[in-house]
Every structure is written in C-alpha cells, then in structure tokens.
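Sequences listed follow chains A and B, in order. Residue 1 is where the first sequence starts when you use the working numbering, and the numbers rise one by one after that. Residue 1 is where the second sequence starts when you use the working numbering, and the numbers rise one by one after that.
Don't read these hints as lab results, they were simulated from the structure. No residue lacks a Cβ here, since even glycine has one placed at the ideal position from N, Cα and C. Do not take every clue at face value.
Every beta carbon over 12 Å from chain A, so not counted as near; a handful from chain B, in silico [claimed, not checked]:
{"no.": "1", "residue": "59"}
{"no.": "2", "residue": "106"}
{"no.": "3", "residue": "164"}
{"no.": "4", "residue": "290"}
{"no.": "5", "residue": "301"}
{"no.": "6", "residue": "314"}
The list that follows gives simulated cross-link-like pairs (lysine to any residue, SDA-like), each with its CA atoms no further than 25 Å apart [as the list claims (entries may be wrong)]:
{"no.": "7", "chain 1": "B", "residue 1": "67", "chain 2": "A", "residue 2": "127"}
{"no.": "8", "chain 1": "B", "residue 1": "309", "chain 2": "A", "residue 2": "127"}
{"no.": "9", "chain 1": "B", "residue 1": "309", "chain 2": "A", "residue 2": "187"}
{"no.": "10", "chain 1": "B", "residue 1": "67", "chain 2": "A", "residue 2": "182"}
{"no.": "11", "chain 1": "A", "residue 1": "347", "chain 2": "B", "residue 2": "48"}
{"no.": "12", "chain 1": "B", "residue 1": "166", "chain 2": "A", "residue 2": "455"}
{"no.": "13", "chain 1": "B", "residue 1": "109", "chain 2": "A", "residue 2": "324"}
{"no.": "14", "chain 1": "B", "residue 1": "210", "chain 2": "A", "residue 2": "182"}
{"no.": "15", "chain 1": "B", "residue 1": "210", "chain 2": "A", "residue 2": "349"}
{"no.": "16", "chain 1": "B", "residue 1": "306", "chain 2": "A", "residue 2": "182"}
{"no.": "17", "chain 1": "B", "residue 1": "309", "chain 2": "A", "residue 2": "185"}
{"no.": "18", "chain 1": "A", "residue 1": "347", "chain 2": "B", "residue 2": "44"}
{"no.": "19", "chain 1": "B", "residue 1": "210", "chain 2": "B", "residue 2": "235"}
{"no.": "20", "chain 1": "B", "residue 1": "309", "chain 2": "A", "residue 2": "189"}
{"no.": "21", "chain 1": "B", "residue 1": "67", "chain 2": "A", "residue 2": "324"}
{"no.": "22", "chain 1": "A", "residue 1": "347", "chain 2": "B", "residue 2": "199"}
{"no.": "23", "chain 1": "B", "residue 1": "243", "chain 2": "B", "residue 2": "143"}
{"no.": "24", "chain 1": "B", "residue 1": "306", "chain 2": "A", "residue 2": "185"}
{"no.": "25", "chain 1": "B", "residue 1": "210", "chain 2": "A", "residue 2": "127"}
{"no.": "26", "chain 1": "B", "residue 1": "109", "chain 2": "B", "residue 2": "255"}
{"no.": "27", "chain 1": "B", "residue 1": "51", "chain 2": "A", "residue 2": "51"}
{"no.": "28", "chain 1": "B", "residue 1": "133", "chain 2": "A", "residue 2": "454"}
{"no.": "29", "chain 1": "B", "residue 1": "51", "chain 2": "A", "residue 2": "338"}
{"no.": "30", "chain 1": "B", "residue 1": "143", "chain 2": "A", "residue 2": "127"}
{"no.": "31", "chain 1": "B", "residue 1": "251", "chain 2": "B", "residue 2": "128"}
{"no.": "32", "chain 1": "B", "residue 1": "136", "chain 2": "A", "residue 2": "455"}
{"no.": "33", "chain 1": "B", "residue 1": "309", "chain 2": "A", "residue 2": "184"}
{"no.": "34", "chain 1": "B", "residue 1": "67", "chain 2": "A", "residue 2": "199"}
{"no.": "35", "chain 1": "B", "residue 1": "109", "chain 2": "A", "residue 2": "455"}
{"no.": "36", "chain 1": "B", "residue 1": "309", "chain 2": "A", "residue 2": "191"}
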Amino acid sequence: MAMFSQALDVLLTTPAVFFAIIGVAWGILGGALPGLSPSITMALLLPFTYSLDPASAIVLLAATYIGAEYGGSIPAILIRTPGTNAAAATVIDGFEMNRQGKAGLALGISLYSGVIGSLIGLVMLVALSEPLSAVALSFRPPSYFALGILGLSVIASLSGGSLVKGLIAAVLGLMVATIGTDPVTGGNRFTFGTADLLAGVEPVLIMVGLFAVSELFVQTAEQGGQIRVESRARIEFPGIALARRLVPAQIIGSIIGTFEGVMPGAGGTVASFMSYNEARRWSRHKEEFGNGSPEGVAAPETANNTVAATAIIPLLSFGIPGSNSTAVLLGGFLIHGITVGPMIFVKSASTVYGLYGGMLVASIALLFIGMAMMGPCIWLVNRPRAYLNAFILALIFSGVFSIHQSLFDLVLVLIAGVVGFAMRMLKFPFLPTVLGLVLGYLIESNYRRSLVLSGGDHSIFLEDPIAVGFLAVAAVFVIGSLLQPALAAWRSRRRGEIRDVRG
Amino acid sequence: MKAIKAAILAAALGLAAQQAAADDYPVDTVTLVTHSSVGGGSDVFLRELAKYLGPKLGANVIVENVKGGSGANAMARLVASPADGSVFYATTPTFIYTSLLSNPEATYKDLEPLVNVFSDPEVIYTAAGSDFKSLKDVVAKAKESRGTWGAANPASLERQLLERLKTAAGVEAAIVTHEGGGDMMINVLNGTLDIGVGEVQELQSQLEAKQVRILATFTADRIATQPDVPTVKESGYDVVARKFRGLAGPKGLPENVIAAWEKAIPELLEDPDYKAAYTAANLRPEFIPHDEYVTFIDEFGTDTAKFLKDSGVIE
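Taking the hints into account, I'd like the entire structure generated from these sequences.
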C-alpha cells in the first residue's frame, strides 16, 4: 500500500505525468524512424534530463522506451522497414497485411498488443522484481551459451524454404559478430587496422542495411509501374472474434517477453523473433504465417513492449543493464546521483515507485497518442514512391549518422544494403543473419569463458542444469522442425488414403 | 583595526591575483573531450569537474563526447587540435590500452599528459557468503585446485593485476574475462568465480547491501573508507596499481597553461562543494603535477606494453 501512495505522491507532486506523455510521443517518432533504435531515441533525450527531478527524468526515458517499441512497428508494416531491431519480426506478416490492404488493421493490432504487452510487463516488473532477479543470478557462463544456442535453433524453422540457405545466412551473421575485440584475449579480429571496427559492428547498422536499404534497391530496380499500397487512412481495431483469436499469441508474446527481458543480453529482438516463432508453432492457422497473419503481428509486438518493462528488472535489482536501452536508463539514474542496485528500493524508493506510476501512465497514453499519430503515418506511406524512397533514404542516413556522427557507419549500411540485395535476388532469408549477428558474441564469449573456467573440459556444459535444459529444448526444436515436412507429408498421405477408402 | 585592514588588503590582493589568473589563461573556452558516452564514468567525472572548474581557471569549460574506437577517435581529435590550452582529453588506463591494442593513427604517445586529478582504488572482492576470509585463502584454494578469478574486460588493468598476482603467488588460476563489471558481478555473486577485481565505486551498492566483501586492495596504502582491509602488498604479494583519472592535451602545451592547471586543480580539490560532490561519487583525489604525470603515464605505458606482449595479446 505504501508503494501506491508513494507512486501517487510522485505523480501528483512532480511533472512526471507530463513527461510520461512527452516520452511516449517522442518514442513513437524515434521508433518509427528507421535507424533510430530505442536506445538512441532515449540517448538523444539524456542531455535534457539533467535539469529535471529524478523521477521525471527516469519516467521520461522509460516512457520513450515504451513508445519506441511500438513506433518501430509502423514502418515495419507500412514500408517493410523495421523502425527498431525488435520490430524486425513484425515485418513478415505486418507488411503482408499491408499489401492485402489491411494496413490500418495491422497497425491497430500492433498498437493494442503493444499496450497489453506494456501493461503485462509492468505488472511483471512490479510483482516479480525480486524472485525473477534470483533466476538471473543462477545463470552461469554455460547457461548463457545454451541460451544463445536455443536462440539459434529458431533458425531451423525461420528459414522459409531451404534449411541450407538459412544456415548459410546464419553463418554470415555469426561471421560479422566476430569482428572487433576478442572476448577472451582482448586482441583485435578482422578490424583491418580500422579503429572504427574495434568495438565490432553494431547490429542496428546491418539490420538497417539488410532490410531498409536493400528494399530501396529492389524498388529502384523494379521496372514499370509501382505497386501502390491502398491503405485505409484510418486505424482499425480488430473485432471480437479476431481479438479472441489473438489472445494466445499475446500470451505467448508476454511470457517470452518477460523471460527475455529479465535475462541480460537477450533483449527485445530475440524475444520478438522467438514469440513469432512460438506463436506460429501453437497457432491453429499456421498456414497464414508469412502470408499476412494477424497473430504474426500481435505476438512480436506484445513481446517487445513487454521487454520494455521487464528489461528494467535486472537493472533495478542488480544495477546490471541487460541492453543498450537499459544502459541509457542507467545513465539517467547516474546523472541524478542514484546508485542502481539492490539498495535502490531502500534508498530511492520514491523514484522507483514514481517510475512504476509513470510507466503505467505511459502504457495507457500509448493507446491514445498512438492513435493520434497513426493518421499522419498512413498519409506518409501513400505519397508517390519516388519521393517517399528519397525521404526514407534521407531518414536512414540521418538516423544512422546521428548515432556516432560517423561516415564509416554509412558505408557499412550501404555495404549491408548491397549484400541484402544480393541475398534477396538469390532468395536467402535475412532473419537467420540477424539472429547470428545478435547471438554470435553471446554464444562465443560464453562458450570460451566456460572452457577457461573448466580448463578446457567440455563436461562443464553438462554439469549446469540450466544449460542442459536449454540445449535439450534446442535439440527438440531442431529435430521437430526437420521432421515436420515429413510428418506433414505422411499425414496428408494418410488423409488421402482415408478419402480413397471412403470414395 | 590593523588586523581588519590587513584582512581587507589580503582579500583585495587575493582578488587581484585571481583576476590576474583569469586574465592569464590564454583562451576563453576550454573543451574537455571524453570517449565515454553521456552518463558514462569519464563523462560524469568531466561534467562534475566542468561545473566547478570554470571560475577557478577563468574560462568557460564545456564537455564534448567523441565516441567510437574506445578512445581512438577522441585521441585523433586531440592530436588535430591546437596546443594552446583549449582542448584536453580525460585520460584513464583505457587510452593506453587502446593505443597499444589497436594501433590507432594517434596514440597516447602523441599526447602530453597534463595533470592527474583522481585515482580509483582497485580491490579484490568475493561474495559475502563465500569461505574466503583473506587473500591467503584464495591463493591456497588456487594451489590445491583450480582457482577462478574474474576481470571485467579482456584488455584491462584489472586483468593485468590478476596476471601479476598469479605470478607473484606462483599459482595457476583461471583468469576469466567478461564484458563489463556487471556481467562479472553476477558470476562472483553466484559463486562461479572465487574473486573479482573492480573499483570500489562500482561495488558500492553491493557493499551497502552486504552482498560482497572486500579482501584486499591494490593501492599503496589502505583506503580511508575501508580501514580494516589490508593491501595486496601487506598480504605478501608485491602488486600495486593506480587507476588514474586525469587530463592530457596536444603535444607542446605552453608553460602558462600548465601552470594555470597546476594551480587550479589542487585548489579545486579543496573546494568544499566540489569535495562533497566527488566524495559522494566515491572518487579519491590524487593530484599529480605535470612533470611527474608525464613520467607516470610513460611508465604505465611501458609496463602495459610488456604485459600485453607477455600474455600474447600483441606481438
């Protein structure tokens, strides 16, 4: 009860409510601009938080995170370009729905799934902060290695047609992940003497190149009339029957979002891909996935907004930022002289409870601000293609440039765009590349760290119960998805036989 | 009456002297460059410093974040700047490691150390629930079975200290590197690691929550806030380190600029408001004047290069 009164106190005595709303609006804009990740959108605000009271400053940053996780889905649906890394999974079915003239519905599903995800994530943050942080503590290097392998096993079922092409694409991502500083010795790998590559290649650059720039290339290369997307200029929420159908996908999204949020390093991107995959696995309409399934939008969008809340759990209870976004949030705490860690609930309780209250306001405000900003966004996509493409290219480049003010980053994005164009032409899937890139470092560093711990003995992976569990689940995934085509063929043959008998 | 007159005179003289110092500083605006991002360690250090430094130095002080390449970009920015006292770089051991590891176009050797301001004590800590009561226990465990010691980053002062401790104690311990202090903290807390090495201010919240215990410090003397904790040297292993936080400028800094800083920094460290701010942030003042600092950085660079070669990181 003390918590509620303190939260209410902060909301009533500081401008936190105002900043929650500003944060959501800014977050949606930043998320919707391809190249501006949630962490960059938040970082752009950091200088302005110096002069605010601590609670307002933290609420502003957290609300931006919430807004950005939703905002990322707008360009994903409208122009096939994920505005944020975590919206990459939304592209698949969201853009397909747009092509079928259901952009308004896709955006509506994304918005209300985001609101549901934020609210569930917030409940998790408030209620489970302590028990869940105990889980994070029992993760040892072998467990993290196994977690990464589990993430990679998703590739088996993400590859679309050809598993071999999927694996090649994944290896490409893993190779890019080895660029930079060696995680164990500290030496340089594949930096070609460039200081720009020392810290490795940021996944966001590759993603922007693969998804956005290659799309522009493809559209430029297309001859004749452009396919104009007939979007309804109004946001549309699903009817009761459809909303009911989306519930399982949203539950899957919020469960996976909760787990991934709590584990440092996993983050919203892994969560949205995994929940997309799980939603398909458990769906009654599997065949619609990839062809404009509303569940394929609801699951990842619920997951990434859940992560926006649950990623704060390890930050608050250990002071460990599990992602770039929470690292920026940590910076917000540090600016105001608040030590984040186990003692924060004792020493700065009112700020923490103010944060909870502000996030509640932001989650609800997301619904209304999201609706208000939808119109302009849909208007934008119906502009003539040539203008729009030029505008997108300018947005991508200015967004990428704003990260480090580096021309080198622009070159990387262009290279990734060319590679992406070639992959599209040769029908290689992108998603395994992105997963390899995101998970490569996690897997490699923890694999080698485990072996340093054990002195080179591989049995360390079998002695860690969490690792054994994850690896077993990964094995089941891979074998299952390999057997699936055979199983489906066998089933349809049996059905055929039955029909024959009947006939 | 005489006393009052003297006081007024002294005050007037003091004011005049201060005025003179203000006029003497050759530029109006001083830019302090850091490679850390807004809110990061060096950034907080500089912004706090900038707030109090302006009046003492007689110039506007602003902070600029030049990110990328773990300091390589910031060093290049410094080398391309005029040596007139208008641009300085916040030095930490990182700038030496980056110089040695990645052969950037500009290295620490192309910069001139100005003065040192603070020093962060590096300490050895263990989980509060562990059986290790002293550094001796840790070494004893490493002698009979496999010791597991953690350092936050692969190319870091922390790892260098552990390698030296390993040699000094004559044991074979696994030195496990991480992707930052938070990452390592989990492995210390869950018992994967026997010990970790880190700065006191990074441990502050875990210390307050009594989740970790400090076993020894790498400082030359015991640290004031932990008077019961022995130094590593007292425990019988001759390993001492200073994790410095200071400033460096382009080569060929003018005498009057150096003099202005050598005067301003010690004054600043005594300023009650600033003292309260940096004490709260767990920074420990350690002023090193220009000449001594140049030698110190040079020796630090030579030692580090030797360590990196011996451990096979660079050729």
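Original post:
Does residue 251 of chain B pair with residue 128 of chain B here, judged by a C-alpha cut-off of 25 Å?
Top reply: Distance ~47 Å between residue 251 of chain B and residue 128 of chain B Cα, so the pair is violated.
Subject >> Holds or violated: residue 306 of chain B to residue 185 of chain A, with C-alpha atoms at most 25 Å apart >> reply: holds (15 Å)
**OP:** Would you check the hint for residue 109 of chain B and residue 324 of chain A, treating anything up to 25 Å between C-alpha atoms as holding?
**Re:** violated (32 Å)
Original post:
Is the Cα-Cα distance between residue 67 of chain B and residue 324 of chain A 25 Å or less?
Top reply: Cα-Cα ~15 Å, so holds.
**OP:** Sort out whether residue 44 of chain B lies within 25 Å of residue 347 of chain A, counting only the CA atoms.
**Re:** Roughly 21 Å separates the two Cα atoms, so the pair holds.
Subject >> Pair hint residue 136 of chain B and residue 455 of chain A, alpha-carbon separation not exceeding 25 Å >> reply: Roughly 22 Å separates the two Cα atoms, so the pair holds.
Subject >> Distance restraint between residue 109 of chain B and residue 455 of chain A, which requires alpha-carbon spacing of 25 Å or less >> reply: violated (38 Å)
Original post:
Is the Cα-Cα distance between residue 133 of chain B and residue 454 of chain A 25 Å or less?
Top reply: Measuring from Cα to Cα gives roughly 24 Å; hence the hint holds.
Original post:
Would the least Cβ to Cβ distance between residue 290 of chain B and chain A come out above 12 Å?
Top reply: Holds, because the least Cβ-Cβ distance between residue 290 of chain B and chain A comes to about 28 Å, which exceeds 12 Å.
**OP:** Assess, step by step, whether the Cα of residue 51 of chain B is no farther than 25 Å from the Cα of residue 338 of chain A, and give holds or violated.
**Re:** holds (19 Å)
Subject >> Agreement of residue 306 of chain B and residue 182 of chain A with the hint, judged by alpha carbon distance not exceeding 25 Å >> reply: holds (19 Å)
Original post:
Does residue 127 of chain A lie within 25 Å of residue 210 of chain B when you go C-alpha to C-alpha?
Top reply: Holds: residue 210 of chain B and residue 127 of chain A sit about 24 Å apart, inside 25 Å.
Checked against the numbered hints above, the structure breaks hints 2, 6, 7, 8, 13, 14, 23, 30, 31, 35 and satisfies the rest.
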